[in-house]
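Engineer: Letter by letter, the chains look like this.
There are 2 protein chains.
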Amino acid sequence: MLSERQRMILSAIVDDYIRSAEPVGSRSISKRSDVSFSPATIRNDMADLEELGLLEQPHTSAGRIPSIKGYRYYVDHLIRHGGVKEQDVRRLHSLVADKMNHWEGAVSHAATIVSQLTNYTSIVLGPDSFHTSLKHFQLLPLTDTTAVAIVVANTGHVEHRTISLPEGVSMDDMRRIAGLLNDKLTGVPFYKVKSVLYTEVANELTSYVDHCEHILSLLEDTLKEEAEPKVFLSGATNILTQPEFKDVDKVKGILDLLDETPLLMQLFQSLSGGIQVRIGTENGVEAINQCSLVTATITADGHLLGTIGILGPTRMEYGKVIGLLDYLSGDLTRLYNRLYK
Amino acid sequence: MLSERQRMILSAIVDDYIRSAEPVGSRSISKRSDVSFSPATIRNDMADLEELGLLEQPHTSAGRIPSIKGYRYYVDHLIRHGGVKEQDVRRLHSLVADKMNHWEGAVSHAATIVSQLTNYTSIVLGPDSFHTSLKHFQLLPLTDTTAVAIVVANTGHVEHRTISLPEGVSMDDMRRIAGLLNDKLTGVPFYKVKSVLYTEVANELTSYVDHCEHILSLLEDTLKEEAEPKVFLSGATNILTQPEFKDVDKVKGILDLLDETPLLMQLFQSLSGGIQVRIGTENGVEAINQCSLVTATITADGHLLGTIGILGPTRMEYGKVIGLLDYLSGDLTRLYNRLYK
DNA sequence: ATTAGCACTCATTGGTGTTGAGTGCTAACG
DNA sequence: CGTTAGCACTCAACACCAATGAGTGCTAAT
Chain A
1 MLSERQRMIL SAIVDDYIRS AEPVGSRSIS KRSDVSFSPA TIRNDMADLE
51 ELGLLEQPHT SAGRIPSIKG YRYYVDHLIR HGGVKEQDVR RLHSLVADKM
101 NHWEGAVSHA ATIVSQLTNY TSIVLGPDSF HTSLKHFQLL PLTDTTAVAI
151 VVANTGHVEH RTISLPEGVS MDDMRRIAGL LNDKLTGVPF YKVKSVLYTE
201 VANELTSYVD HCEHILSLLE DTLKEEAEPK VFLSGATNIL TQPEFKDVDK
251 VKGILDLLDE TPLLMQLFQS LSGGIQVRIG TENGVEAINQ CSLVTATITA
301 DGHLLGTIGI LGPTRMEYGK VIGLLDYLSG DLTRLYNRLY K
Chain B
1 MLSERQRMIL SAIVDDYIRS AEPVGSRSIS KRSDVSFSPA TIRNDMADLE
51 ELGLLEQPHT SAGRIPSIKG YRYYVDHLIR HGGVKEQDVR RLHSLVADKM
101 NHWEGAVSHA ATIVSQLTNY TSIVLGPDSF HTSLKHFQLL PLTDTTAVAI
151 VVANTGHVEH RTISLPEGVS MDDMRRIAGL LNDKLTGVPF YKVKSVLYTE
201 VANELTSYVD HCEHILSLLE DTLKEEAEPK VFLSGATNIL TQPEFKDVDK
251 VKGILDLLDE TPLLMQLFQS LSGGIQVRIG TENGVEAINQ CSLVTATITA
301 DGHLLGTIGI LGPTRMEYGK VIGLLDYLSG DLTRLYNRLY K
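So the sequence lines, in the order shown, correspond to chains A and B.
Take the first sequence: its letters are residues 1 to 341, numbered as in my numbering.
Take the second sequence: its letters are residues 1 to 341, numbered as in my numbering.
Derived from the structure by calculation, the hints contain no laboratory data.
Mixed in with the good hints there might be a few duds.
No copy labels: a pair is met if it fits in one copy or bridges any two.
What the hints assert, rightly or not - Below, computed lysine-lysine pairings styled on BS3-like, alpha-carbon distance capped at 25 Å: (1) Lys230 to Lys99; (2) Lys192 to Lys99; (3) Lys246 to Lys320; (4) Lys194 to Lys99; (5) Lys99 to Lys224; (6) Lys224 to Lys192; (7) Lys69 to Lys250; (8) Lys224 to Lys252; (9) Lys230 to Lys194; (10) Lys230 to Lys192; (11) Lys99 to Lys85.
Construct the entire structure; sequences and hints are all you get.
Structural biologist: Encoded structure:
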């Protein structure tokens, strides 16, 4: 229902504002080489676009800036899917292929690169407990009274914990415990582990080891840790270079959010697959009302391996970011699918 | 060589400035209940202290603030070792005792608490490669072509990596590789592992496995990772609440430093044991010329288990911070020594 | 339907005077 | 002689004001 010219004007305003961070006036648009209308004409359309809620005016005698709704229209209908730069592609690909054997290394390194390429903050979430199951369990004696419990997930992720043993647990006991756990728990998704532990495992365990409640609670602890997805952050301070965040108080809320893993996880929940863009208040989180979050998921063999997100100001280079994430998530998905087959 | 009164005045200025973040004038000191001199007298001493380089004046008509040298004198000679609050002690102790079986959990959690109690940033460094040796090595098959390599250090720290295997490596081969590595590498400090790997291990390995260069380089990679100490951060944004860091540009450098693990490690190098205080430029790092760093080391059984640091403005509550770190490092040291014996 | 012209708005900038906290110096005091 | 009252001086911070100019909305002409 927008005229061709209105769409063009909206697009121009968003592009200009993304570049300059300053309200865009009718004159500056009229001067663009691909525009052949006078400032007055443009002003009329701008007034219409404002009435439709796509633009806003900081004050009467300033230019226009896009509203949340304006960005949304831009992302949904106007965006030019800017191709990713050749050199960036090469850098990302070689990196990812290089570190394939170390999921966390690959992913955290990729996050670093992406945040450098975009100058925004990148956030990566590891696999969650609904899609991860236990692959192997092991107890390794460390000293006379301590041992390391090691848990391997089907994603190749490993979690460990040093536990101090109660008196009178022999090497043999440990081997038996580990054997029992492997029997009962292999293939069990992590979110079910706790219940299985206390029903099927508990009974058998009591029959040949003393102090088994203590051991059970230690095991539960160790396994619980694994169930929580890991979060990697990179470029958290990039937000400080954005002119609209010159004010320390605005930035504080954002950086605090980034420090709080649980809040971040909540933010990433309810994401469907593919590339998602959430603009400003669409995030539903007070602290980042002035930020946009673009996310992509990585799946292999039906498992959700992780989620990559990029957080920047609403005035974000959507085309570039979406292009990059699209490429990166595709690349990772391809590589890991090949690995798992 | 400072008179009693001068010491008292210096102490009062530092205390006041730490509380208020504003230059301290002669009048406000004179009004303190424990002071019975006129502003004029105090001004004379202040001029002397400035000549000695212990105080500075932001501009002619402002009060005085402590110089680096002034803080140094304060920390070395004037500080009242403020006892740690009862409730803080209890909180820290229960936490540490609770999480003992998980070094990283305990330490990162302790860092969080300390940063909350002090409102500064806490930085924790894990054990370094000079004091850590290999305890156990294991290869765990994951799929047909992948396996998880697990490295356990004598500190109980575990590192892992998913590796993709070359064609034609059987389960049996893997068991033999793991056995060989355990034979040759157990007890070897990490900084020596690489050389042992290429001298003693390489020869034997070639005799019964093909493609061994590939496997060797994967192993080296995995072991290298373990050799690098882990860094935990908490409360990085606390610096933003300090009035002297209202300016985004000043803060950027500091937060960037905190994002760079290698730089942080460098900062922590050349620390002797016990509690150390480094004030402003004493750190020798441009970005934190306006910050102070208080550090404490944790050793168990001769090994350096880790270092805890607190980073705040030079205008830091030295008494409180030193007290807390003293208590915490002592507590951790005691607990882990008991664990290792 | 488009555009030129014009009056109007208002954030930003720079200059100016005032205020007040704090100093250094001198002279008086016990 | 150490201490203190008194006083002139300095200078950041603040408020006030006028000038500037980018940008608008509206109207009338094209």
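Engineer: Should Lys194 paired with Lys99 be assigned to within, between, both, or neither, using CA atoms and 25 Å as the limit?
Structural biologist: Between copies only: 20 Å across chains, 33 Å inside a chain, cut-off 25 Å.
Engineer: For Lys192 and Lys99, with the copy left unspecified, which applies at a CA distance of at most 25 Å: within, between, both, or neither?
Structural biologist: between (31 Å within a copy, 24 Å between copies)
Engineer: For Lys246 vs Lys320, is the C-alpha pair at or below 25 Å within one copy, between two copies, both, or neither?
Structural biologist: Answer is within: at 24 Å inside a copy they meet the 25 Å cutoff, but 32 Å across does not.
Engineer: If the cutoff is 25 Å on CA atoms, where do Lys230 and Lys99 land: within, between, both or neither? Let me know, please.
Structural biologist: So Lys230 and Lys99 pass the 25 Å test inside a copy (18 Å) and across (19 Å) alike.
Engineer: Given a CA cutoff of 25 Å, do Lys230 and Lys192 count as a within-copy pair, a between-copy pair, both, or neither?
Structural biologist: Intra 19 Å, inter 31 Å, cutoff 25 Å: intra-copy only.
Engineer: Can you tell me if Lys99 and Lys85 fall within 25 Å by alpha carbon in one copy, between copies, both or neither?
Structural biologist: within (22 Å within a copy, 47 Å between copies)
Engineer: Up to 25 Å between alpha-carbons, please classify Lys230 paired with Lys194: within, between, both or neither.
Structural biologist: Within. Shortest intra-copy distance 20 Å satisfies the 25 Å Cα cut-off; inter-copy 30 Å does not.
Engineer: State whether the alpha carbon distance between Lys69 and Lys250 is at most 25 Å within one copy, between copies, both, or neither.
Structural biologist: For Lys69 and Lys250, only the intra-copy Cα distance (22 Å) is at most 25 Å; the inter-copy one is 35 Å.
Engineer: 25 Å Cα cut-off: does Lys224 pair with Lys192 within a copy, between copies, both or neither?
Structural biologist: Answer is within; shortest intra-copy Cα gap is 11 Å, inter-copy 35 Å.
Engineer: Taking 25 Å as the upper bound on the Cα-Cα distance, should Lys99 and Lys224 be classified as within, between, both, or neither?
Structural biologist: Between copies, since 14 Å is at most 25 Å while 27 Å is not.
Engineer: Between the shortest in-copy and the shortest cross-copy C-alpha distance, which are at most 25 Å for Lys224 and Lys252: within, between, both, or neither?
Structural biologist: Intra 31 Å, inter 36 Å, cutoff 25 Å: neither.
When the structure is compared with the earlier hints, a violation turns up for hint 8 alone.
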